[in-house]
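*Asks:* Can you build the whole structure from these sequences, using the hints too?
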Amino acid sequence: MPNYILPDFEVERRDDRCIRCRVCERQCANEVHSYDEENDVMLADELKCVGCHRCVALCPTRALKIVKYSGTFRENANWSNQSILEIYKQAESGGVLLSSMGTPNPCPVYFDKILINASQVTNPSIDPLREPMETRVFLGKRPQNIERDETGKLNNNLPPQLELSVPIMFSAMSYGSISYNAHESLARAATELGIYYNTGEGGLHEDFYKYGPNTIVQVASGRFGVHKGYLDVAAAIEIKMGQGAKPGIGGHLPGEKITEDVSRARMIPVGTDAISPAPHHDIYSIEDLRQLVYSLKEATEYKKPVIVKVAAVHNIAAIASGIARSGADIIAIDGFRGGTGAAPTRIRDNVGIPIELALASVDKRLRDEGIRGNVSLVVAGSIRNSADVVKAIALGADACYIGTAALIALGCHLCRTCHLGKCNWGIATQRPDLVKRLNPEIGYKRLVNLVTAWQHEIKELLGGMGINSIEALRGNRLMLRGVGLNEKELEILGIKHAGE
Amino acid sequence: MKLVEGRVRIPSGCAISGIISRDRRKFTGERIVESMKVMRERSNGLGGGFAAYGIYPKYKDSYALHIFYNDSNAKRECEAFLNEHFEIDEASELPTRKIPEITDEPLIWRYFALPRPSRLAASQLDEREYTARCVFAINARIDGAYVFSSGKNMGVFKAVGYPEDVGRFYMLDEYEGYMFIGHGRYPTNTPGWWGGAHPFSLLDFAVVHNGEISSYDANRRFIEMFGYRCALMTDTEVITYILDYLIRHVGLTLEESASVIAAPFWSSIAKKPPEERERLTYLRTMFPSLLVTGPFSIIFCFEGGMMALNDRLKLRSMVTAEKGDMVYVASEECAIRAVEPDAENLRYPSGGEPVIVTLNGGKDNA
Chain Y
1 MPNYILPDFE VERRDDRCIR CRVCERQCAN EVHSYDEEND VMLADELKCV GCHRCVALCP
61 TRALKIVKYS GTFRENANWS NQSILEIYKQ AESGGVLLSS MGTPNPCPVY FDKILINASQ
121 VTNPSIDPLR EPMETRVFLG KRPQNIERDE TGKLNNNLPP QLELSVPIMF SAMSYGSISY
181 NAHESLARAA TELGIYYNTG EGGLHEDFYK YGPNTIVQVA SGRFGVHKGY LDVAAAIEIK
241 MGQGAKPGIG GHLPGEKITE DVSRARMIPV GTDAISPAPH HDIYSIEDLR QLVYSLKEAT
301 EYKKPVIVKV AAVHNIAAIA SGIARSGADI IAIDGFRGGT GAAPTRIRDN VGIPIELALA
361 SVDKRLRDEG IRGNVSLVVA GSIRNSADVV KAIALGADAC YIGTAALIAL GCHLCRTCHL
421 GKCNWGIATQ RPDLVKRLNP EIGYKRLVNL VTAWQHEIKE LLGGMGINSI EALRGNRLML
481 RGVGLNEKEL EILGIKHAGE
Chain F
1 MKLVEGRVRI PSGCAISGII SRDRRKFTGE RIVESMKVMR ERSNGLGGGF AAYGIYPKYK
61 DSYALHIFYN DSNAKRECEA FLNEHFEIDE ASELPTRKIP EITDEPLIWR YFALPRPSRL
121 AASQLDEREY TARCVFAINA RIDGAYVFSS GKNMGVFKAV GYPEDVGRFY MLDEYEGYMF
181 IGHGRYPTNT PGWWGGAHPF SLLDFAVVHN GEISSYDANR RFIEMFGYRC ALMTDTEVIT
241 YILDYLIRHV GLTLEESASV IAAPFWSSIA KKPPEERERL TYLRTMFPSL LVTGPFSIIF
301 CFEGGMMALN DRLKLRSMVT AEKGDMVYVA SEECAIRAVE PDAENLRYPS GGEPVIVTLN
361 GGKDNA
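Chains Y and F, in that order, give the protein sequences.
Numbering-wise, the first sequence is residues 1 to 500 according to my numbering.
Numbering-wise, the second sequence is residues 1 to 366 according to my numbering.
Derived from the structure by calculation, the hints contain no laboratory data.
All clues stand as given, with none of them false.
Cβ pair distances, simulated, as ranges:
#, chain 1, residue 1, chain 2, residue 2, range
1, F, 141, Y, 370, 17 to 25 Å
2, Y, 499, F, 136, 27 to 35 Å
3, F, 273, Y, 294, 36 to 44 Å
4, Y, 500, F, 58, 43 to 51 Å
5, Y, 370, F, 73, 33 to 41 Å
6, Y, 120, F, 121, 50 to 58 Å
7, F, 276, Y, 254, 55 to 63 Å
8, F, 124, Y, 148, 19 to 27 Å
9, Y, 370, F, 76, 29 to 37 Å
10, F, 274, Y, 484, 46 to 54 Å
11, F, 123, Y, 148, 21 to 29 Å
12, Y, 500, F, 251, 38 to 46 Å
Each computed DSBU-like pair below joins lysine-lysine, with the alpha-carbon atoms no more than 30 Å apart:
#, chain 1, residue 1, chain 2, residue 2
13, Y, 422, Y, 89
14, Y, 153, F, 314
15, Y, 228, Y, 303
16, F, 271, Y, 141
17, F, 271, Y, 303
Where a beta carbon is used, it is the ideal one built from N, C-alpha and C, also for glycine.
*Replies:* This is how it looks when you write it as structure tokens:
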């Protein structure tokens, strides 16, 4: 069948700089570069290039540049190059289009249309270098009433809590979708930072049990890798009902990624596809969710908080309210722009709602019903920097999950081809020669640096607002103003427009 | 549109003062007025007020409702509501003295009332909660009526003006009580409404406050889950509701409540002995949304005494002193010296350190 596909990129090589060292050739798992010995020239098959920049970064003479392919179809405002190419691909393959990471489409990013307040004159801003500035949060359920013993002393009647030094956690990414070294980097960083990372639905490699106190283990629809020891070693258990990048559908890890180690962690045979069904087949309604929440609590003697993670969909406020009444200690909401290791393109780009709107409406609904204090809210779905964290908390979140940002810290260049399994940066791959490119010793330090840097910035922003504890920011929407938002958007976000 | 409380948020600087006789000896309101007078610099004439305790011995078992009315329609509507929900012992205009400094006063009425027993029983609430909900209902639903005082044997007196003029206007020199607090306001805006002056009061709780809290909306949105409605958008209002919630509904002591709203830093908690550490960690974890940040100094009064408290960084001045059974709290030392030149044990309480004064022979708590 004829192939009409155009390349995405062009490889520009400055011949006056190229020393024919062939690093690019060795580094490219996509086999873009090759060497023509006869003519002593480096060649490039541009159709294979995913734009991961591995060759650019490692070229010792900076001879390489990857640029956007300049060829184009006849210009058409309605039919973009992308639309045309996708049709060619589907006409060739007859298959569902697959994509990785969050949607690249220009969907509205409400965080960018929200501005943060600062103190002037009537109350003092606080300098975090001179005064204490607190970013510690506890996640979990709060009881309705206090209890005292016979002497009047307060009893600690708090259910189990997660203590975070800073309201940021690494979101669920399974061993299998990402590499051993990526997982080790996340686990070690979470431990050093006093936060948590999340196993995703991939089970837990035995080497990582030692990071249990900083591990959230996931129970998803495929129940891969779930056993008593897995639940017992964790700090918290997350039931994954949905994911922002692919609400309403399950997961599929192809057999070639199910290596010996991955198979053991997932408790499935080597080389078989790991298919997570779209729903949990024991949860067809809210009362079933309640049963799973309490089954997991029973299994772990009520010592661990249970998180229920859902994708941000249209009716999210009512869904969250149902979850809050179903025994969950923490609700995690993953927004429309959230990342993924692989998702059908149409689902990723068209299903779900942005996290900012979902968060604002959930927080409001839980308050209207008087149950916001019963449950903690964690949000995800493209938290890109510390300002996004601050805005999310002021809208009402207790903490944020970061996935893509953490991977970028590890070296991910967002080429969005995780589903191909040939990650040149050693992150989204199981090929040993590629995995070893990610050094966990360096990887974990980069993650620690990232979160530490964000913590500094959060403190600066808090101090500017005259707030010295992140607790006083939570739901503090008066600290936010919208710019360029319409009345309805402002109403849903529960914020005023700048100037008001 | 007039910029009044409830429509806009108006930050204010302020002066506060409080005087209490622990032996419940009565003195006139003249002293608190004198004390406030020397802090005139800290107000700008746009709000002043007082709360006085022990002033209505004749009606000490009735709720004394002080109400502002914009017009006689509001009064008619409100009185219909009151008659439906309360048995009213006495209704009269609150006595005032015409002075040139205070103008544009609304109708100011006082009612001594008790909940109608049949209504109270039907509501399945205790007497205080019933009364509090009636106050909320009037303030939220009856346009032009505003209950600004609703305690027993106590009363709030407030207006737009300098505190000393407000004191003269309400003839505070003719009231005798065992505890008084005063407030002078320096709003950064032009409020035209008497209800926006302080103290803010609910039942026998009254609060005067100096500061601008940065946690306002976090606190407001949390406390509104429990039936409170922050209609005025002022710090004082939300702080009063937080204390009412923690003390009356949750059942915390004053000291525990102080550890919630002006919680010690985690680094300080870590240095405490184990039992204290556990208690403070519990309170912070249990009520994180009621932590109040930003500058404040408050005096919180209840029937049995008062608590003075600063924000945990002490970003507002506050001084305490004693003389015999008298205890004084004020924004500035001069406000104490003005009424008690020989005051002793002058102290500047640390940030977050509550100073709790209770009546001798009374209960220790609100």
